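Trainee: Listed below are the residues making up each chain.
Protein chains: 2
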Amino acid sequence: MRYSTLLGKTKKEAPKDETSLNAQLLIRGGFIQKEMAGVYVFLPLGLRVLKNIMQIIREEMNAIGGQEFYLSSLQDPEIWKKSGRWSDEVIDVWFRTKLHNDTELGLANTHEEAFTQLLTKYIQSYKDLPVYAYQFQTKFRNELRAKSGLLRTREFIMKDLYSFNRTEEELNTFYEQCKNAYIKIFKRLGIGDKTYYTFASGGAFSKYSHEFQTLCETGEDTIYLDRKKGIAVNQEVYTDDVLAEMGLKKQELEEVRAIEVGNIFPLKTKYSEPLGLMYTDETGQQKPVVMGSYGIGPSRSMATIVELLSDDKGIVWPKEVAPFKFHLVGLDLAEAEKVYQTLIKNNVEVLYDDREDVSAGEKFADCDLIGCPYRLVVSKKTQGKIEVKSRTEQDSKLITVTDVLAL
Amino acid sequence: MRYSTLLGKTKKEAPKDETSLNAQLLIRGGFIQKEMAGVYVFLPLGLRVLKNIMQIIREEMNAIGGQEFYLSSLQDPEIWKKSGRWSDEVIDVWFRTKLHNDTELGLANTHEEAFTQLLTKYIQSYKDLPVYAYQFQTKFRNELRAKSGLLRTREFIMKDLYSFNRTEEELNTFYEQCKNAYIKIFKRLGIGDKTYYTFASGGAFSKYSHEFQTLCETGEDTIYLDRKKGIAVNQEVYTDDVLAEMGLKKQELEEVRAIEVGNIFPLKTKYSEPLGLMYTDETGQQKPVVMGSYGIGPSRSMATIVELLSDDKGIVWPKEVAPFKFHLVGLDLAEAEKVYQTLIKNNVEVLYDDREDVSAGEKFADCDLIGCPYRLVVSKKTQGKIEVKSRTEQDSKLITVTDVLAL
Numbered sequence: 005m006r007y008s009t010l011l012g013k014t015k016k017e018a019p020k021d022e023t024s025l026n027a028q029l030l031i032r033g034g035f036i037q038k039e040m041a042g043v044y045v046f047l048p049l050g051l052r053v054l055k056n057i058m059q060i061i062r063e064e065m066n067a068i069g070g071q072e073f074y075l076s077s078l079q080d081p082e083i084w085k086k087s088g089r090w091s092d093e094v095i096d097v098w099f100r101t102k103l104h105n106d107t108e109l110g111l112a113n114t115h116e117e118a119f120t121q122l123l124t125k126y127i128q129s130y131k132d133l134p135v136y137a138y139q140f141q142t143k144f145r146n147e148l149r150a151k152s153g154l155l156r157t158r159e160f161i162m163k164d165l166y167s168f169n170r171t172e173e174e175l176n177t178f179y180e181q182c183k184n185a186y187i188k189i190f191k192r193l194g195i196g197d198k199t200y201y202t203f204a205s206g207g208a209f210s211k212y213s214h215e216f217q218t219l220c221e222t223g224e225d226t227i228y229l230d231r232k233k234g235i236a237v238n239q240e241v242y243t244d245d246v247l248a249e250m251g252l253k254k255q256e257l258e259e260v261r262a263i264e265v266g267n268i269f270p271l272k273t274k275y276s277e278p279l280g281l282m283y284t285d286e287t288g289q290q291k292p293v294v295m296g297s298y299g300i301g302p303s304r305s306m307a308t309i310v311e312l313l314s315d316d317k318g319i320v321w322p323k324e325v326a327p328f329k330f331h332l333v334g335l336d337l338a339e340a341e342k343v344y345q346t347l348i349k350n351n352v353e354v355l356y357d358d359r360e361d362v363s364a365g366e367k368f369a370d371c372d373l374i375g376c377p378y379r380l381v382v383s384k385k386t387q388g389k390i391e392v393k394s395r396t397e398q399d400s401k402l403i404t405v406t407d408v409l410a411l
Numbered sequence: 005m006r007y008s009t010l011l012g013k014t015k016k017e018a019p020k021d022e023t024s025l026n027a028q029l030l031i032r033g034g035f036i037q038k039e040m041a042g043v044y045v046f047l048p049l050g051l052r053v054l055k056n057i058m059q060i061i062r063e064e065m066n067a068i069g070g071q072e073f074y075l076s077s078l079q080d081p082e083i084w085k086k087s088g089r090w091s092d093e094v095i096d097v098w099f100r101t102k103l104h105n106d107t108e109l110g111l112a113n114t115h116e117e118a119f120t121q122l123l124t125k126y127i128q129s130y131k132d133l134p135v136y137a138y139q140f141q142t143k144f145r146n147e148l149r150a151k152s153g154l155l156r157t158r159e160f161i162m163k164d165l166y167s168f169n170r171t172e173e174e175l176n177t178f179y180e181q182c183k184n185a186y187i188k189i190f191k192r193l194g195i196g197d198k199t200y201y202t203f204a205s206g207g208a209f210s211k212y213s214h215e216f217q218t219l220c221e222t223g224e225d226t227i228y229l230d231r232k233k234g235i236a237v238n239q240e241v242y243t244d245d246v247l248a249e250m251g252l253k254k255q256e257l258e259e260v261r262a263i264e265v266g267n268i269f270p271l272k273t274k275y276s277e278p279l280g281l282m283y284t285d286e287t288g289q290q291k292p293v294v295m296g297s298y299g300i301g302p303s304r305s306m307a308t309i310v311e312l313l314s315d316d317k318g319i320v321w322p323k324e325v326a327p328f329k330f331h332l333v334g335l336d337l338a339e340a341e342k343v344y345q346t347l348i349k350n351n352v353e354v355l356y357d358d359r360e361d362v363s364a365g366e367k368f369a370d371c372d373l374i375g376c377p378y379r380l381v382v383s384k385k386t387q388g389k390i391e392v393k394s395r396t397e398q399d400s401k402l403i404t405v406t407d408v409l410a411l
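Respectively, the protein sequence lines represent chains L and U. Residues 5 to 411 (the working numbering) make up the first sequence, in order. Residues 5 to 411 (the working numbering) make up the second sequence, in order.
In isolation and in its complexed conformation, chain L is listed as follows (with noise of 0.2 angstroms):
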């Protein structure tokens, strides 16, 4: 993609009322932009990293039995007064809007209850379980103060699976295997390493729901962390009963901040039964429905690498998660025009630096602020060369157009 026309150019100073750093960055960098408090819109650039991240974590949940479906965003109340939420008191981010006719909707904050009601549509045997469905929508979470950039929004695009099982030994198998594929992709988004497994608050239902906590400064979150161990206590389980049930010991434990990238939660029964999801079992009994469900926010995940990843230049993008692969930045613009149509012929992503009217300085700077993984300079030096510098590295290398296509 040619930079000249690219909309969302890059601005050297953040808007004065965004104060979290994945907000200051990618507005600076041009992949975001606010509409309102809490209500952020997509660049093409943003889009393309929200979509790589959006479909590193579709490939996780195919591998696993998902299959995506699309709900609605509005959504009928009575689903949710069957399960005692249609409330305030309950949820306390509700969204509503009217029809003409007065009647009211939900605007989905979550989608346990639409999700519930649909498969009582499609299951009543024994036979057709399990089923692992899941989405990419949107929430809309009427929160009080919005702030911290794209990490607390009140619309945003969430993958959130269900898991439809017959026992609990069957959910718990299934839980792990979610588990372990939300480990796959925080390491594809190249958070992993930072990224703990936490105990946290089951709810009425459960003991414990577990969320995947990144380590961050700037988290809401506070965690208690067995760093050996590789596990951590949410501040809200975090009593001497429940640590001497995981043998966590105290001392042991640091206290830290984190920012929570995904959680799953064994729901067990709590919306199958008052919503009627049973199916008939082997021996013609009638059972509820054992469910789990498993959320991950595209968007949050790409403001926390912002956040855990950049530099003072900018935006470090981890490979898989990059807009482009590579950045090229034509100084000799003639050379420049050469290799790109080279690469854009070989199916390279490569976001090309076209402008005519500006400097070198300029563009490396706004190389650096974008933060793709290579920077490939063509210059009068580089001599029918390409001059490679890889976004963490401070060396630089000349290398053939050959030679890049096999990067």
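It is worth saying that the hints were derived from the structure and are not from the lab. Bear in mind the structure is a predicted one, so any value in this text is a computation, not a measurement. Built from N, CA and C at the ideal position, the CB exists for glycine as well. Treat the hints with care, since some could be wrong.
Here are the computed distance ranges between Cβ atoms for each label pair [stated by the list, open to error]:
{"hint": "1", "chain 1": "L", "residue 1": "Arg149", "chain 2": "U", "residue 2": "Thr346", "range": "52 to 60 angstroms"}
{"hint": "2", "chain 1": "L", "residue 1": "Thr124", "chain 2": "U", "residue 2": "Glu324", "range": "30 to 38 angstroms"}
{"hint": "3", "chain 1": "L", "residue 1": "Gln290", "chain 2": "U", "residue 2": "Gln398", "range": "44 to 52 angstroms"}
{"hint": "4", "chain 1": "L", "residue 1": "Thr107", "chain 2": "U", "residue 2": "Lys384", "range": "51 to 59 angstroms"}
{"hint": "5", "chain 1": "U", "residue 1": "Lys13", "chain 2": "L", "residue 2": "Glu172", "range": "21 to 29 angstroms"}
{"hint": "6", "chain 1": "U", "residue 1": "Glu63", "chain 2": "L", "residue 2": "Thr346", "range": "21 to 29 angstroms"}
{"hint": "7", "chain 1": "L", "residue 1": "Thr107", "chain 2": "U", "residue 2": "Lys188", "range": "35 to 43 angstroms"}
{"hint": "8", "chain 1": "U", "residue 1": "Thr107", "chain 2": "L", "residue 2": "Arg261", "range": "27 to 35 angstroms"}
{"hint": "9", "chain 1": "L", "residue 1": "Gln181", "chain 2": "U", "residue 2": "Lys85", "range": "47 to 55 angstroms"}
We have chain L already, so just place chain U on it with the hints.
Mentor: Leaving out everything else, chain U in the frame of chain L:
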């Protein structure tokens, strides 16, 4: 994909509350399900179709220089007040919601204002133009009566592109390019031969807008069609003056029903002026940006395809739209499994009916209902070969798996 594990099996009967053919067949086929009046959810098969349609549209929008964005559903009333459209008297399909502090927000029913406002942050000079920005985003429309299945819903994904040019001449040039891109899209969607470029009302700023109307008896619109010339006039501008201007003669026009599958509007400066989207031209003068807008609803296209191309046995998906190219009916499951493995190893899109306790007749009926382009049958009778039949033909023939790969 194995049909045995797919969620969303076929149903013999359509729900009684669905009167439109598209909703009946799409629900029976396991593509969609109703969440509530005017709100549908996409099951895995339906989402595959929807994604195929979106990808066709995306490719053609990229081909004419479109850049993909992703704006928000929550919208700031302030930008709508500037254009004078924050009112049920101007837009009668508003859905609104509120923050906890009682601040009212809009739910996007369209994005002219949002895109115009966004681009004020990026467009200053003539050098920043043109920009062709599009997205696939949810639109919420508070329809009084939602009926006709996916043809008219309260929530749907729409592709909306907005063009930003310096002059009306440039707008007209792009308008023509986008018109041609739309013609390509509807051809690829399999409804090109029934879709006509139609003159419609242009609103306050332009004499005409243009619709793409697909002939269909169940369509909501009435148009007057000159088949020879291949153009039509919407009822709303069907006057002697308009006909005279276009050189159309009443006696050569047919009154026909049609579905509006796309529309394009020359907005000119209708939104750029009130929202302050100005640029400095080559002589230093400030001028308003000249805009156009271009919409297609992927789910309405999906419904139109079903209305138009189905037969008494079910849906007939065009090749580029079909959820799978092949529907493999396994009657000899051991042999069929081998064929399935060969096909998926070759990255062929195949839906494999591997159900054990379902009759051949039921499997054939489901295959016709679901409507993939090719039916493959593997049975004791096919003796190591595969019986292939096109969805639209009666005759089948025996071919090898190598032949299937070459189809």
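Trainee: Next step is simple, just say for each hint if it's right about the structure.
Mentor: Results for each hint:
In this structure, Arg149(L) and Thr346(U) meet the distance hint of 52 to 60 angstroms, their C-beta atoms being roughly 57 angstroms apart. The given range of 30 to 38 angstroms is respected by Thr124(L) and Glu324(U), whose C-beta atoms sit roughly 34 angstroms from each other. Checked against the hint of 44 to 52 angstroms, the C-beta distance between Gln290(L) and Gln398(U) comes to roughly 45 angstroms, which is consistent with it. Remark: the range hint 51 to 59 angstroms for Thr107(L) to Lys384(U) is upheld by a beta-carbon distance near 56 angstroms.
Taking 21 to 29 angstroms as the suggested C-beta distance range, the pair Lys13(U) and Glu172(L) conforms, at roughly 26 angstroms. Taken as a hint, the range 21 to 29 angstroms holds for the pair Glu63(U) and Thr346(L), whose Cβ atoms sit roughly 23 angstroms apart. Our hint of 35 to 43 angstroms for Thr107(L) and Lys188(U) holds, since their Cβ atoms are close to 41 angstroms apart. Restraint check, Thr107(U) to Arg261(L): a C-beta distance of roughly 31 angstroms satisfies the suggested window 27 to 35 angstroms.
Distance hint for Gln181(L) and Lys85(U): a CB-CB separation of about 51 angstroms, consistent with the stated range 47 to 55 angstroms.
Of the hints listed earlier, there is not a single one the structure fails to meet.
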